[in-house]
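Heads up: the protein sequence lines correspond to chains A and B, in order.
Residue 64 in the working numbering sits at position 64 of the first sequence; the count goes up by one each step and never skips.
Convert by adding 397 to the 1-based position in the second sequence; the result is the number in the working numbering.
It is worth saying that the hints were derived from the structure and are not from the lab.
Glycine included, each C-beta is placed from N, C-alpha and C at the ideal position.
A couple of the hints might just be wrong.
To be verified - Covered stretches of chain B (in silico footprint by chain A; criterion: 3 or more residues with CB under 8 angstroms from a CB of chain A, positions within the stretch not fixed): (1) 443-457; (2) 492-502; (3) 507-514; (4) 655-665; (5) 677-689; (6) 717-723.
Number of protein chains: 2
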Amino acid sequence: MEYRISDSLANLKPSAIREIFKSLTDPTIISFSGGNPSPLSFPVEKMAAISADIFAENASAALQYGITEGYTPLREAVRARLKTRFGIDREGDTTIIVTGGTQGLELTCRTLCNPGDTVIAENPSFIGALNSFRATGCNVKGVTLREDGMDLSELEAILKSDDRVRMIYTIPTFQNPAGTTSTEANRRGVYALAKKYGVMILEDNPYGELRFAGKDVPTIKSMDTEGIVFYCSSFSKILSSGMRVGFLVGPDAVMQKIVVAKQCEDVHTNLFFQMLTYRFMTECDLDAHIRSIQDLYRGKCELMLRSLDEYMPKEVTYTRPEGGLFLWVTLPEKIDMNAFVKEALARKVAVVPGTAFNCDTAAPSPSVRLNYSMPSDENIVRGCKILGELAAEMLCR
Amino acid sequence: MEYRISDSLANLKPSAIREIFKSLTDPTIISFSGGNPSPLSFPVEKMAAISADIFAENASAALQYGITEGYTPLREAVRARLKTRFGIDREGDTTIIVTGGTQGLELTCRTLCNPGDTVIAENPSFIGALNSFRATGCNVKGVTLREDGMDLSELEAILKSDDRVRMIYTIPTFQNPAGTTSTEANRRGVYALAKKYGVMILEDNPYGELRFAGKDVPTIKSMDTEGIVFYCSSFSKILSSGMRVGFLVGPDAVMQKIVVAKQCEDVHTNLFFQMLTYRFMTECDLDAHIRSIQDLYRGKCELMLRSLDEYMPKEVTYTRPEGGLFLWVTLPEKIDMNAFVKEALARKVAVVPGTAFNCDTAAPSPSVRLNYSMPSDENIVRGCKILGELAAEMLCR
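Build the full structure now, drawing on both the sequences and the hints.
In structure tokens form, the structure reads like this:
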């Protein structure tokens with residue numbers, strides 16, 4: 001039977017990353033391809049204790065339907081943390097709980113955009129978000145990501161020429177996949193352009209808590225005097241990704257509609273884990289826990305960089321992130337990126353091809369993304385050695 | 398600032414029921430307005446024990462990202478149960494886990510329908526589903542719900558005249574809000590018409606396990622030789638509604654696209670509770686647990702019916718459900734339904750106005766929905782007495 005699929009979804013493919021993730025059942029493969037937090041980052045014992053408490057004291061509420069906006073104490077705790085930690089405290093904004101950061105991105109897009117509207121994103125960018133925008137029927141246009149952030153003249157050129165732009169999507173801090181952090185000046189530039197052209201900004205900050213070097217740069221949301229910035233993040237990288245608890249902040253008038261859209265998608269987010277997250281935030285030392293993750297990832301990132309320094313031919317370049325989960329490795333012209341990824345997998349090292357992050361899905365890419373949070377220290381060294389030897393070989397062919 | 402909201406969401410209002418739920422913070426109100434399972438139906442001790450086990454044995458997996466389709470052992474267990482319990486076992490079908498039944502309904506609609514397409518639903522029907530379809534940009538057309546199911550000639554008239562119908566949405570068993578169950582002949586009629594006119598059926602069966610009287614009627618999905626029926630249900634009414642674990646079955650070609658759409662919405666459903674659900678299904682006696690809920694609801698439904706029999710003027714009629722959570726009470730012409738709901742609330746009894754379930758949101762309704770799963774036995778009797786006295790008074794005015 002021939003089934004007719006809706007226009008927005010007909011041509012959408014599953015995320016290459018999640019497909020790679022599915023294929024990684026072979027335990028002999030060293031995977032640098034995930035976006036997963038380290039299992040060492042889950043505070044299992046404390047979560048288990050809180051969970052037992054909730055079952056003992058509050059099960060009737062935790063297992064029952066909740067309100068769409070989220071568990072009120074958790075919303076308050078998130079709001080308070082965003083204020084002290086990220087300078088986010090605009091009057092007239094509302095914070096809601098969402099089913100992982102991805103839902104926050106998707107809901108913002110479907111509430112602001114009609115099919116055929118344009119979303120601008122950094123090129124490269126997080127494939128999951130780009131697919132969410134495409135599933136809403138939006139066109140995604142990429143702006144080259146420089147070391148200091150989006151290329152502002154490219155950004156303005158699109159804003160000037162395309163009157164269907166509704167939203168600029170950006171991951172300014174520890175960008176996925178590039179690992180770079182945009183400068184304060186660049187952020188102010190993006191904000192000024194959004195204001196000038198009357199478009200919204202969707203600031204995605206899933207890794208913001210994971211800075212292990214350098215200094216914080218103010219969030220774009222903290223600059224938002226006009227109510228044009230939506231800010232999305234989650235507990236996926238600091239407590240548990242599998243629990244799917246994230247949050248979204250934005251101007252109240254739009255957030256009311258986003259709540260209606262969320263009600264239509266899943267009524268509300270798993271309430272038990274909302275309560276668990278709230279109790280962890282207020283009864284445990286979240287900052288100390290986050291510091292331990294920062295220490296862990298600092299070590300892993302430095303080890304990967306040292307290993308790449310040791311094994312990679314000097315023609316291969318890579319970013320040196322100050323936080324987050326990813327390195328972005330760029331191959332010299334002589335090496336075909338797709339062949340590199342394929343041969344690496346044959347040698348049991350999985351990396352994600354840069355094309356997976358392109359706004360223009362047909363465009364080529366000379367880069368691959370490497371994740372350092374998941375692999376063991378031993379595998380980081382072994383994997384980088386294999387990749388380095390492969391690159392050296394391919395350079396000499 | 399004036400914000401522009403997308404066309405599909407601009408005019409959508411929050412579900413009246415969930416708004417009523419939010420307003421029910423006054424503990425002196427007797428609420429017949431919820432759609433919540435009884436907290437007595439949550440197997441708290443067993444869930445707590447399994448939860449402790451998962452934290453002890455399998456936390457790294459349970460707190461980590463999972464695959465979009467759902468936890469494989471749970472998908473298998475659901476598939477097996479659907480086969481033995483509901484005769485659902487079509488070759489070429491796929492079962493996935495969704496974030497509550499609502500997500501299954503919403504994903505099916507957005508994957509099959511373009512904005513402007515038509516979804517046919519029973520009138521009255523579940524407001525949450527109707528809103529999900531509207532949020533996708535679909536028009537909802539209602540077909541009168543008779544005692545034996547959808548009015549088949551009305552259904553065919555719409556199918557004949559509207560070439561944008563893509564899907565028939567139906568809750569054939571213990572319908573929400575009406576509490577009625579359609580006959581096997583009616584189900585075969587709906588299936589035959591869908592086949593004849595080349596449209597899909599979305600069968601929603603959240604209450605199917607909650608039969609406390611009468612005999613099972615075959616699911617429409619069990620009649621599906623052509624691969625035109627999607628079947629959606631959840632664990633909300635038998636384990637926990639707050640955990641948001643549901644499932645969806647349909648033809649593989651469409652399910653692949655639905656998985657992509659789900660990936661864009663929330664990546665996957667809370668993995669910890671997927672594991673917990675799987676272990677409950679395989680390590681505990683799910684059937685015995687469900688029987689205990691059936692006993693509980695049989696008692697509550699009978700008590701509500703006896704109380705209505707005693708206190709309601711004979712001009713007021715109501716359905717006598719064989720399962721599910723709801724009674725549908727129809728007032729005589731002399732009583733204005735909206736005034737009745739308002740005065741009942743003033744007397745501290747909350748019921749849901751029938752208009753909330755209308756496919757045509759502007760149409761009037763002579764009915765109200767009563768829930769018997771949540772209120773205590775004492776409150777069932779007291780609430781029915783208050784409603785009965787109010788109806789009697791309003792008849793004499």
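Comparing the hints with the structure gives:
For the region 443-457 of chain B, the assignment as covered by chain A holds, since 8 residues bring a beta-carbon within under 8 angstroms of that chain's beta-carbons and 3 suffice. Counting residues of the region 492-502 of chain B whose CB lies closer than 8 angstroms to any CB of chain A gives 4, which reaches the minimum of 3, so the coverage claim holds. Three residues within the 8 angstroms Cβ limit are the bar, and the region 507-514 of chain B against chain A gives 6, so the coverage statement holds. Requiring three or more residues with a Cβ within less than 8 angstroms of a Cβ of chain A, the coverage given for the region 655-665 of chain B holds, as 9 such residues are present.
Coverage of the region 677-689 of chain B by chain A is violated in this model, with 0 residues showing a Cβ closer than 8 angstroms to a Cβ of that chain against a need of three. Look at the region 717-723 of chain B against chain A: 0 of its residues bring a Cβ nearer than 8 angstroms to a Cβ of that chain, fewer than three, so the hint is violated.
In this structure, the earlier hints numbered 5, 6 are contradicted, and the remaining ones agree with it.
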